[in-house]
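*Asks:* Sequence:
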Amino acid sequence: MAKYRFSTAPTYTEEQQQLVLRILGYDSMEYYQMLGVDRYSTADDISSCYRRLAAQVHPDRNSHPQATDAFKQLNEAWEVLREPSSRTIYNSQLEHDFSEDSMNSSFSIDTSIGSESDLGKKPSDDIGSMFWKLVLMGLVDR
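full-length UniProt numbering puts the first residue of the sequence shown at 1, with every later residue one more than the last.
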């Protein structure tokens, strides 16, 4: 009778794991950083970086348990940055958030509004993420 050995070692490399965890480590709105490009990159540069990363993270090539989630997050970034109109909206949202953050550097909490769980939370956080979810679902035109 033959003895079978079952390996408990992962079937993915350390590099594959690091890439998946790096992508998943970004905030859902850090698309430029996720793709490894800057805000002023050309559409060709963004496409090139996306294709390279997508090939490395695709679940058919990367067997890490979270590769599918990383691939979905990468595709979300690509969907926003590939179209000039959605990229413009995204950039203006970044500028708005940046200017709000710099204006609120001495942010004080208004305890007269909302519940304790809402303290310190900016309304634009919810609005911005809700907007991009609706865009990605195709319910709102960019």
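Take these hints with a grain of salt, some might be off.
[To be verified] Okay, the calculated beta carbon distance ranges per label pair: (1) Thr42 / Glu95: 17 to 23 Å; (2) Glu14 / Arg51: 18 to 24 Å; (3) Ser85 / Ala54: 28 to 34 Å; (4) Asn75 / Gln17: 29 to 35 Å; (5) Ser63 / Tyr40: 33 to 39 Å.
Don't read these hints as lab results, they were simulated from the structure. Every residue gets a Cβ at the ideal spot worked out from N, C-alpha and C, and that includes glycine.
*Asks:* Would you mind marking each hint as holding or not holding in the structure?
*Replies:* How the hints compare with the structure:
1. Thr42 / Glu95: 17 to 23 Å: For Thr42 and Glu95 the Cβ distance comes to about 20 Å; the hint holds.
2. Glu14 / Arg51: 18 to 24 Å: About 23 Å separates the Cβ atoms of Glu14 and Arg51, which means 18 to 24 Å holds.
3. Ser85 / Ala54: 28 to 34 Å: About 22 Å separates the Cβ atoms of Ser85 and Ala54, which means 28 to 34 Å is violated.
4. Asn75 / Gln17: 29 to 35 Å: violated, 20 Å
5. Ser63 / Tyr40: 33 to 39 Å: With a Cβ separation near 36 Å, Ser63 and Tyr40 satisfy 33 to 39 Å, so the hint holds.
Of the hints listed earlier, those the structure fails to meet are numbers 3 and 4, in rising order.
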